[in-house]
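Top line first, the protein sequences correspond to chains A and B.
Just so we're aligned: 477 in my numbering is position 283 of the first sequence, and the numbers increase by one with no gaps anywhere.
Just so we're aligned: 353 in my numbering is position 159 of the second sequence, and the numbers increase by one with no gaps anywhere.
Just so you know, these hints were derived from the structure itself, not from any lab.
Possibly wrong hints are sitting among the right ones.
Each pair may be met inside one copy or between any two copies, as identical chains are not told apart.
[Claimed, not checked] Below are the DSSO-like pairs computed for lysine-lysine, each with C-alpha atoms no more than 27 Å apart in a straight line:
| hint | residue 1 | residue 2 |
| --- | --- | --- |
| 1 | K259 | K512 |
| 2 | K500 | K264 |
| 3 | K232 | K504 |
| 4 | K260 | K454 |
| 5 | K248 | K264 |
| 6 | K264 | K244 |
| 7 | K359 | K421 |
| 8 | K248 | K260 |
| 9 | K582 | K490 |
| 10 | K459 | K217 |
| 11 | K217 | K248 |
| 12 | K500 | K529 |
| 13 | K232 | K454 |
Only a predicted model underlies this, so the values are computations on that prediction, with no experimental measurement involved.
Chain residues, written in single-letter form:
Number of protein chains: 2
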Amino acid sequence: MIDINKNFTQLSEDYLFRNIALKVAKFREENPNKKIIKMGIGDVSLPITKNIVKSFHKAIDDMSKKETFKGYGNEQGYDFLRENIKKYYQNRNVILDIDEIFISDGAKSDLGNILDIFDNNINVTISNPVYPAYVDANIINGNKINFINGDISNNFLPTLDDKCKESLVYICSPNNPTGAVYDKDSLKNIVDFANRNNCIIIFDSAYEIFIEDQNLPHSIFEIDGAKNCAIEICSFSKSAGFTGVRCGYTIIPKEVKLNKISLNKLWFRRQSTKFNGVSYITQVGANEFFSEASQKEIVNIVKYYKRNSKLIFDTLTKLNILCYGGVNSPYVWLKTPNKESSWEYFDLLLEGLGIVGTPGVGFGKNGEGYFRLTGFSSYEDTILAMNKFEEFYKK
Amino acid sequence: MIDINKNFTQLSEDYLFRNIALKVAKFREENPNKKIIKMGIGDVSLPITKNIVKSFHKAIDDMSKKETFKGYGNEQGYDFLRENIKKYYQNRNVILDIDEIFISDGAKSDLGNILDIFDNNINVTISNPVYPAYVDANIINGNKINFINGDISNNFLPTLDDKCKESLVYICSPNNPTGAVYDKDSLKNIVDFANRNNCIIIFDSAYEIFIEDQNLPHSIFEIDGAKNCAIEICSFSKSAGFTGVRCGYTIIPKEVKLNKISLNKLWFRRQSTKFNGVSYITQVGANEFFSEASQKEIVNIVKYYKRNSKLIFDTLTKLNILCYGGVNSPYVWLKTPNKESSWEYFDLLLEGLGIVGTPGVGFGKNGEGYFRLTGFSSYEDTILAMNKFEEFYKK
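Sequences and hints are given; from them, build the entire structure.
If you want it as structure tokens, here you go:
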């Protein structure tokens with residue numbers, strides 16, 4: 195017997211960002227001379243920093259000489275990089291063993307592939323709105339998804355309830371798309387619930403570097419008890435500008451068990467079987483991210499993007515458009531001012547202002563009537579976009 | 195309900211290459227001054243070629259400037275690279291559309307991840323002996339594996355029989371570990387069988403570049419009818435020396451369907467959801483592989499490795515050790531001369547000669563009593579190893 199995975203037929207036909215790309219391409223074709231300001235897909239715009247670039251070149255030199263050439267590395271990544279990630283967490287008083295850290299080609303791969311270690315048809319808890327790839331990966335696996343609703347009443351920070359028992363819980367904090375961040379108390383409630391109710395948490399911390407409020411947790415492992423129930427998935431995409439370089443990491447403490455089986459061991463085996471590690475060149479560059487010199491460069495980049503998101507937040511607020519995020523996140527999440535649907539607002543901004551954003555409904559039902567703008571454009575383009583907003587809404 | 199994927203408990207405890215690494219580490223600890231010649235894991239030893247190195251540096255320069263920086267690319271890869279792969283196939287009269295080519299971070303990832311588009315519990319046909327990752331990935335997915343036996347009687351080129359109907363058929367040609375290559379007639383039989391009996395073929399062509407016999411097919415798509423039933427997975431690992439760089443590609447013709455569903459569309463969706471493309475730097479380097487200048491460099495590298503495998507083949511044959519492969523493959527597959535088991539022979543070579551090879555049984559039951567050596571070492575080490583063999587067996 196052979197058959198396709200029929201769960202694919204349950205996926206909705208198109209993927210959010212692909213739809214946006216098609217609409218933009220059409221607009222560009224019809225308006226070849228109009229400038230388009232991209233504030234849609236969460237892609238960075240600043241180049242790789244000088245020190246990381248230097249490391250990349252050095253790594254390539256290594257690959258060009260017989261004495262320093264690197265072939266297959268460990269599937270779980272080079273120790274030098276894992277040691278530095280360990281130290282990065284140590285600075286927040288999170289003590290990890292390097293065997294608990296797995297280097298990957300990006301958070302998106304791991305967020306999907308992690309499902310390999312779980313049964314099919316399991317219960318999954320996903321906040322709504324959220325990054326759409328969680329949902330699609332779980333549909334492909336045939337899992338039963340229970341959405342927990344983020345909305346104005348809970349500041350887009352949903353909590354767990356009885357329906358979430360015995361489930362795999364996805365938490366994204368700072369949240370994509372809303373920019374909402376769980377504080378330690380609310381995260382503690384989630385961790386305690388998970389430990390009491392046989393849940394495993396997948397904590398997506400891809401945007402942790404944008405947190406500026408000293409009291410907010412960057413890692414779920416800052417919370418007592420999380421090491422018994424949580425997997426953390428992070429990325430160099432937004433911090434080191436690696437969206438086009440592809441590197442991330444997944445942390446599975448050895449204590450995390452399901453029916454007495456260590457998930458760390460299962461993931462190790464999954465990766466040993468279906469993955470062959472990340473490019474040596476990429477890992478050397480990612481490693482440089484942690485140097486003192488690079489951290490200084492990175493701080494400036496984060497500041498640059500956040501100046502943009504603050505400008506967006508402040509401008510829209512001044513125009514009486516209700517906004518979330520923008521402070522501990524590169525994203526500004528706005529309520530469409532005249533009850534436009536998310537896609538109506540997309541068309542309005544694209545056709546009226548030449549601005550590409552992301553329709554909130556693309557992140558789930560609860561995103562309908564909302565819209566995401568990002569601070570990842572250039573400062574100049576962000577000013578330009580905000581001027582267009584002001585002009586448009588002052589008419 | 196939440197549970198682990200219980201199929202993991204069906205995996206045998208350890209992975210072949212990890213076992214070897216452990217034994218070698220132990221030997222090294224106990225014999226710190228003895229030279230070890232590595233002819234075990236199929237890893238290349240020559241550095242990346244000059245032109246590809248140049249392209250890598252150029253790609254990094256692109257990433258270091260705002261004007262040329264690349265963020266997210268298409269999940270399926272850059273068109274420039276796909277166009278060149280298309281041309282590479284065109285040279286063998288295989289006409290592809292670039293939408294049929296998906297760039298990946300290596301064959302191992304795709305060989306495992308491709309199972310996502312198939313149902314669980316499907317029938318799978320795997321030749322034995324073969325690259326062990328096929329088996330483990332299928333166990334993880336809960337599939338029912340039917341082995342087809344390669345042995346002396348069929349020159350390690352098993353054919354399909356009634357038990358293979360309605361199954362996913364893995365074919366690796368040139369075969370890892372035996373070095374055996376299907377000719378066009380035998381491959382045509384497999385393709386015809388697949389088309390008659392609702393099979394899908396996964397054709398692993400990772401070693402195609404080592405084929406020197408002009409009559410042997412490099413791609414399954416050189417065979418009439420293959421476009422209706424085959425997926426081909428290839429890699430830059432052995433051809434461009436990318437074992438540590440990670441790049442490969444998967445070809446799914448649009449005509450390949452299962453129950454009227456296009457597998458190309460399913461894989462496109464799978465990759466869009468659970469993968470985010472390969473590093474721009476890597477893709478620029480892989481692209482350079484196809485230039486005239488690089489192809490000349492690559493020819494020399496392949497010659498270098500094959501001089502090694504020929505030397506191994508000739509030396510062992512002279513010593514009356516039965517050998518396969520070595521001609522259209524970097525691998526020499528030998529029958530242990532004194533009925534040693536594969537692991538006994540591993541210990542004998544490591545402890546007696548300081549040579550690391552791969553126990554044949556690691557590639558499946560039919561590999562018991564066989565052993566794999568590779569031409570991927572340096573020429574100097576290969577000579578040294580062969581001198582040790584001669585000395586040992588002439589005693």
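Find the hints from earlier in the document that the structure breaks and name them by number, from lowest to highest. Failing hints, ascending: 1, 4, 9, 11, 13.
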